[in-house]
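Dock chain L against the given chain A, drawing on the hints supplied.
2 protein chains.
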Amino acid sequence: MSVTAARVAPAPGHLMRREMAEQPQRVAAAFAGVVAKADGLGHLVGAARHILLLGRGSSRSASTYAVEAFRSLAATPAATISPAHLAWSISTDLHGALVVAVSQSGESTEILAAARAARSRGADLVVVTNSPDSALAQLVVDEHRVLFRAGQELAVPATKSFTTSLACLLGIAASTRPELLAKAATAVPELMARVLDDESTRIDVSEATDFVCAGEGFAQAVGEEGAIKLRETLSLPVASFETSEFLHGSINSVRRGTAVLLSSSDPVGEHLSDQAAVGAAHRGARTVTVSSAHRSRADHHVRIPAVPPHWAPFLGVLPLQRAAHDAALVRGLDPDTPAGLTKVTRIDEAGG
Amino acid sequence: MSVTAARVAPAPGHLMRREMAEQPQRVAAAFAGVVAKADGLGHLVGAARHILLLGRGSSRSASTYAVEAFRSLAATPAATISPAHLAWSISTDLHGALVVAVSQSGESTEILAAARAARSRGADLVVVTNSPDSALAQLVVDEHRVLFRAGQELAVPATKSFTTSLACLLGIAASTRPELLAKAATAVPELMARVLDDESTRIDVSEATDFVCAGEGFAQAVGEEGAIKLRETLSLPVASFETSEFLHGSINSVRRGTAVLLSSSDPVGEHLSDQAAVGAAHRGARTVTVSSAHRSRADHHVRIPAVPPHWAPFLGVLPLQRAAHDAALVRGLDPDTPAGLTKVTRIDEAGG
Chain A
1 MSVTAARVAP APGHLMRREM AEQPQRVAAA FAGVVAKADG LGHLVGAARH ILLLGRGSSR
61 SASTYAVEAF RSLAATPAAT ISPAHLAWSI STDLHGALVV AVSQSGESTE ILAAARAARS
121 RGADLVVVTN SPDSALAQLV VDEHRVLFRA GQELAVPATK SFTTSLACLL GIAASTRPEL
181 LAKAATAVPE LMARVLDDES TRIDVSEATD FVCAGEGFAQ AVGEEGAIKL RETLSLPVAS
241 FETSEFLHGS INSVRRGTAV LLSSSDPVGE HLSDQAAVGA AHRGARTVTV SSAHRSRADH
301 HVRIPAVPPH WAPFLGVLPL QRAAHDAALV RGLDPDTPAG LTKVTRIDEA GG
Chain L
1 MSVTAARVAP APGHLMRREM AEQPQRVAAA FAGVVAKADG LGHLVGAARH ILLLGRGSSR
61 SASTYAVEAF RSLAATPAAT ISPAHLAWSI STDLHGALVV AVSQSGESTE ILAAARAARS
121 RGADLVVVTN SPDSALAQLV VDEHRVLFRA GQELAVPATK SFTTSLACLL GIAASTRPEL
181 LAKAATAVPE LMARVLDDES TRIDVSEATD FVCAGEGFAQ AVGEEGAIKL RETLSLPVAS
241 FETSEFLHGS INSVRRGTAV LLSSSDPVGE HLSDQAAVGA AHRGARTVTV SSAHRSRADH
301 HVRIPAVPPH WAPFLGVLPL QRAAHDAALV RGLDPDTPAG LTKVTRIDEA GG
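For the record, the sequence lines run as chains A and L. full-length UniProt numbering numbers the first residue of the first sequence as 1 and each following residue consecutively. full-length UniProt numbering numbers the first residue of the second sequence as 1 and each following residue consecutively.
This is chain A alone, in the form it adopts within the complex (with noise of 0.2 Å):
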């Protein structure tokens, strides 16, 4: 290679790096974006009977997010469902809940045919994505419409969209507790950038050959989307499970090569993450935990900053963030542009 390709080559994984980099001040953006539409927001979420999530890939990740903060903070029954069944399976009449959409894209044709589908059965929509002129965002009006504003986005594997959608989505949530919100708001941000520029939070494990997710309670998101970050960036099938359901079985599967991440959100978490940890190891697996635990049981403890249940997951999911970078690199693969993948996933209409 010529010291002039040398230098202008790009390095493997510098997209993602810098989109990790801006995540502090997106998310900031995010939730001066959403406090600002408080009022409405707050509004449909009073009046729901439940809430629906419509999610893929990280999109998906953060409605289990969601699930866990229009229980907690607005105590309204919610659940994720599969937009394709939604939109072309089901009939259900939806007079009552209240759809959220969450769409980095805004483009996937299944979230449009969902939302399309609830909005006609009845169901009001809050659309939540990082494209203000997409499909998506065009079907509501200005008031139902949050944006991520992240900024493009351009590693495949999802990181600024998915901490800015958190924050979106946690503006819906607490939409009706402003005191809430705005500490959330302050906060967040700073305390993200600290554990960005923390390098003890580093985890490795390039040596593993197959990995496991898991969390409890909010922190169930950040497992899912770790597993999603290792599948992107290694190509590799990562499960993810509840951290208590994982020991409730599934556990037996992990063995030596096996890395286990384990996130936690409150001390139950911590406590069954530590159990956890003792099983995997005990079958000769490497358990890394992610909480702000002092302590921990397992082979490598990242220690985040102590904070809110509803705040864990903006700072739990960086590590596992850049372990999916750095495990990448390892191997000689770009975390930047994994095989196979591009950035908007279409899944044909369903035939008859």
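No lab work stands behind these hints, which were simulated from the structure alone. For every residue, glycine included, the Cβ atom is placed at its ideal position computed from N, Cα and C. Every clue listed holds true.
Across the chosen pairs, the derived CB separations fall in these ranges:
{"no.": "1", "chain 1": "A", "residue 1": "S206", "chain 2": "L", "residue 2": "V330", "range": "31 to 37 Å"}
{"no.": "2", "chain 1": "L", "residue 1": "G257", "chain 2": "A", "residue 2": "D204", "range": "23 to 29 Å"}
{"no.": "3", "chain 1": "L", "residue 1": "R18", "chain 2": "A", "residue 2": "D204", "range": "44 to 50 Å"}
{"no.": "4", "chain 1": "L", "residue 1": "V278", "chain 2": "A", "residue 2": "D204", "range": "32 to 38 Å"}
{"no.": "5", "chain 1": "A", "residue 1": "D39", "chain 2": "L", "residue 2": "A75", "range": "27 to 33 Å"}
{"no.": "6", "chain 1": "A", "residue 1": "G151", "chain 2": "L", "residue 2": "V278", "range": "30 to 36 Å"}
{"no.": "7", "chain 1": "L", "residue 1": "P308", "chain 2": "A", "residue 2": "G96", "range": "23 to 29 Å"}
Chain L only, in chain A's frame:
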């Protein structure tokens, strides 16, 4: 080995085989039991603002089925929730909720704690369990107790206790629709017997080095349960996905040596399975579809009888149970007693 020893030593998998074969009669008994309680259960379901399902392992897969059943057949919002999380982490008020706790043994610490917590916070409670004498069964009056009627289950991989719990949950979800429930109670056991007797439903995945299971809608539960069976009998990590979520990126993680098992319960699910089969085969994986479709784009198609979507999991799970059993035997493992697994899982109560 002496001739005498050979005569008395049971063949590997004999318990699992016997219990799989018992399923039609046991499911018929479960239906009869829940039909007898339909009036009282119907009042509870009708009064519920939303329904929360508590289950772990195979009872968790059954809970995934129940979420669909409550949504589709009772038009009631439903979601699974981590028992540990409900019991020990969050303090949501649950007035207006119906909590359905599913547990084969009825002795799981976290399910018991969650069921008690749910009731103390105002929820109605229904328990679904195999054991009328269990601590869980004793929590409620007879009208709120639905029994698997599976008899004793000795093989560690749950088969008859899974399908009988499906019958109980369908019975609760359809408790206000006697005609629909009567139809299922009559037809499903016979159809199960037909599938069990049909040698063409045999799946050979013994050569695979790793596995992925997926399903959509009602069949999502089949994917989850199939993954648990394979994890249990082969001690391998096996991920399960909603089929449309699998298509959204995770399909990239399959490779030569992966067996991808795709279940569906309606034409949209079949369409998604076909897309997933084509994409996975393109990456070198071996693909199997299980559905009532006449044709499939997978390497191997297991055709089950055409039935309403909510019946499909009773039939679709049978080939996966047998596949897990057969793959273990080929590998010289005994599916009845997987290494390191026991029938009742206990999770320590969380400390502070």
